[in-house]
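Participant: Okay, here's what each chain looks like letter by letter:
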Amino acid sequence: MPLWKVYHPAGAYTAQDKKDLSERVTGLYASVPIPQFYVVFIFEEIAEDSCFVGGEPNNNFIRFRVDHIARTLPGPVIREWWVRSLDEIIAPFVKDRGYDWEISIDETPFDLWSLQGEIPPPFESVAEKRWVKENKASPYTPAEKLPVNLVLNPGIADR
Amino acid sequence: MPLWKVYHPAGAYTAQDKKDLSERVTGLYASVPIPQFYVVFIFEEIAEDSCFVGGEPNNNFIRFRVDHIARTLPGPVIREWWVRSLDEIIAPFVKDRGYDWEISIDETPFDLWSLQGEIPPPFESVAEKRWVKENKASPYTPAEKLPVNLVLNPGIADR
Amino acid sequence: MPLWKVYHPAGAYTAQDKKDLSERVTGLYASVPIPQFYVVFIFEEIAEDSCFVGGEPNNNFIRFRVDHIARTLPGPVIREWWVRSLDEIIAPFVKDRGYDWEISIDETPFDLWSLQGEIPPPFESVAEKRWVKENKASPYTPAEKLPVNLVLNPGIADR
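Sequence lines, in order, name chains L, H and U.
Quick note: the first sequence, position 141, residue 192 per the working numbering, numbers continuous.
Quick note: the second sequence, position 134, residue 185 per the working numbering, numbers continuous.
Quick note: the third sequence, position 69, residue 120 per the working numbering, numbers continuous.
Hints were generated in silico from the structure; no laboratory data involved.
For every residue, glycine included, the Cβ atom is placed at its ideal position computed from N, Cα and C.
Be a bit skeptical, because a hint or two may be false.
Covered by chain H, per the in silico footprint, the following chain L stretches (three or more residues, Cβ under 8 Å) [to be verified]:
no.	region
1	60-73
2	86-96
3	152-166
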């Protein structure tokens with residue numbers, strides 16, 4: 052669900068760095084929880100003299116561009132907390148190494164998305180819980196689309 | 052209008068594969084219909100050890116990231132049908148070749164878009180119909196911005 | 052804030068061309084005004100036979116994909132003016148050189164964004180004004196989040 056594009060100068064990160072960064076960030080999303088395999092990182096080198104900040108060349112700049120698909124962050128408190136949490140997690144890979152950096156997140160439609168040919172199940176559904184556990188996409192039944200915590204008491208069915 | 056970015060491992064597709072995939076998908080959009088030249092594909096190789104899924108390296112992953120600009124898909128039925136149609140069309144290029152894959156679509160503003168310096172004409176307008184036929188962008192008159200099926204009967208002008 | 056991705060054929064632009072284009076566009080944003088360092092350009096070469104328009108290979112195509120983060124363009128008049136202004140500014144780099152081109156802009160959430168670990172201050176705030184002047188991100192106080200033109204006269208505090 053989150054697609055992280057990381058644009059970085061050539062040689063900024065080793066294969067191990069990339070793995071470490073993606074692991075740390077995946078851990079944060081997994082704590083929501085969402086299935087770990089929803090988190091995709093694609094690292095991309097920016098060619099020399101191909102990055103400009105404010106009209107000036109900057110070959111020391113790392114730009115994170117993230118798509119959130121599976122979840123919309125609700126409300127200003129959680130949104131600020133999330134941005135600050137990410138900044139803390141990425142700090143060892145940017146700030147602590149002397150890079151300039153910027154991160155922005157877009158929120159794209161949940162219902163225009165599929166994985167391995169499967170349309171992901173609803174949030175907090177039985178099927179999603181199973182996907183979290185199995186850590187891979189698989190077919191699911193209509194019954195599995197129901198919430199894990201299904202409540203059908205009188206008067207609250209229309210919540 | 053749709054911009055398809057296809058991130059794939061080096062060597063996944065020949066030039067002919069890329070043409071075939073873009074032709075098939077273009078055919079689906081053309082059936083809407085929208086002008087064929089609205090459909091743009093950019094294929095991009097992911098460098099070795101630069102793709103991570105769930106924090107683990109995956110050098111066998113193909114990620115489609117699509118921007119829809121000219122049309123918003125209306126309603127859940129059509130949205131699901133569209134995602135499933137795309138999955139069917141791309142299957143020979145991903146599933147049938149043993150790749151892992153994911154596709155997500157964003158819908159971006161119609162009115163912040165231009166082609167060859169021309170702001171595209173309204174949906175289903177006379178000008179759009181001409182663009183479909185000529186398969187290229189060109190200037191159009193205010194009269195050509197009217198709908199192909201213009202209805203001005205009493206009582207329905209405010210539809 | 053604006054992130055400009057420029058997908059272009061190999062060799063389309065020299066380092067000086069890239070600087071010139073980013074400078075011109077940065078100048079337009081700076082006139083809004085927004086801090087110049089908000090404007091980021093990343094140029095990316097499209098490999099041969101990796102770009103298709105309407106299902107046909109097009110190795111002469113330049114695609115601008117822009118994210119607007121800090122500002123939403125208000126109303127149809129300003130939105131059309133903006134698109135036409137950009138087309139005019141980029142013309143020497145596309146039209147006048149015989150390239151085909153297309154530009155589209157997305158508007159992404161202001162509150163899911165940070166720069167150098169700082170969440171950017173509100174529009175037209177004291178802090179933003181200081182960022183414009185210093186042309187770099189830095190910490191700011193709660194008082195600096197207030198509007199530059201603060202009006203607290205009776206009856207208009209709830210604007």
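Participant: Look at each hint and say if it fits the structure.
Facilitator: Comparing the hints with the structure gives:
no.	hint	verdict
1	60-73	holds (count 4)
2	86-96	holds (count 11)
3	152-166	holds (count 8)
Every hint from the earlier list agrees with this structure, and none is contradicted.
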